[in-house]
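With the hints as extra help, turn the sequences into a complete structure.
Residue numbers (the UniProt record's numbering): 1 to 211.
By construction, these hints were calculated from the structure, which means they are not laboratory data.
Some hints here could point you the wrong way.
What the hints assert, rightly or not - Below, in silico cross-link-like pairs of lysine-lysine (DSS-like), each with a Cα-Cα straight-line distance of 30 Å or less: (1) K153 - K110; (2) K110 - K93; (3) K153 - K93; (4) K153 - K177; (5) K177 - K110.
To be verified - Distance windows between CB atoms, simulated: (6) V184 - L102: 38 to 46 Å; (7) P191 - V98: 35 to 43 Å; (8) N94 - A55: 36 to 44 Å; (9) S152 - Y92: 26 to 34 Å; (10) P176 - L102: 14 to 22 Å; (11) N159 - N97: 19 to 27 Å.
The structure presented is a predicted model; accordingly, all values stated were derived computationally and were not measured.
Using N, Cα and C, we set each Cβ at its ideal position, and we do this for glycine too.
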Amino acid sequence: MGDIVIEHSGTPHYEALNLQNVTTSENDADLVQSFCGDYLPEDITHEEKSTCTEALDRGYLEYGCPHYRRRCRIIAPCCNEMFDCRHCHNEYKNNINVDQKLRHEIPRHKVERVICSLCDTEQEVRQVCINCGVCMGRYFCETCKLFDDDTSKRQYHCNGCGICRIGGMENFFHCPKCRCCYSVLLRNSHPCVEGQCIMTVLFVLSISLNR
1 MGDIVIEHSG
11 TPHYEALNLQ
21 NVTTSENDAD
31 LVQSFCGDYL
41 PEDITHEEKS
51 TCTEALDRGY
61 LEYGCPHYRR
71 RCRIIAPCCN
81 EMFDCRHCHN
91 EYKNNINVDQ
101 KLRHEIPRHK
111 VERVICSLCD
121 TEQEVRQVCI
131 NCGVCMGRYF
141 CETCKLFDDD
151 TSKRQYHCNG
161 CGICRIGGME
171 NFFHCPKCRC
181 CYSVLLRNSH
191 PCVEGQCIMT
201 VLFVLSISLN
211 R
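Written out as structure tokens, the structure is:
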């Protein structure tokens with residue numbers, strides 16, 4: 001892999017946010033285990049588990065960008081440059097000051113490398129840093145290469161849509177005919193149109209609701 005030419009990240013360290021609905025209490029150990037439990041060794045003592053949990057949880061909500069709270073930055077496969085997230089990349093590369101021929105969006109599913117925000121170790125996409133052992137995102141989707149410490153969004157990955165969504169999996173269903181997700185409240189009443197564009201669906205729904 002070639003050298004990273006440019007880093008397009010702002011000041012990487014943030015003060016911890018007072019985010020509504022984000023749990024940062026004495027139950028954090030249980031939360032970390034629920035999100036990153038696969039990385040905790042089996043058959044360890046309570047004290048050892050607490051130590052491992054502390055390592056995983058260092059820097060929680062203290063790093064990230066305006067779009068996500070996360071403890072890593074991504075290396076864009078399209079231009080080999082470092083950004084805080086895909087939105088930061090797209091905003092920078094599609095800026096009005098950029099030559100129109102050079103504008104592009106990151107192929108999010110093709111991101112292969114990340115850099116830990118705590119120890120600056122470059123590595124393959126994974127949830128826990130191979131060097132310092134920190135959890136780089138309590139929510140992690142290996143398919144979408146998405147990291148996010150703010151789990152109050154209730155993220156989930158929809159296999160039908162092929163992307164991550166927010167709002168809680170139990171509140172939505174994927175219609176294979178429409179090829180998009182709807183609220184479970186519309187399970188038996190949504191206007192089902194094969195291969196329908198989501199914007200068209202929303203337009204049809206708005207008409208139906210206004211009648």
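Handout entry: Non-conforming hints, listed in increasing numerical order
Key = 10 and 11
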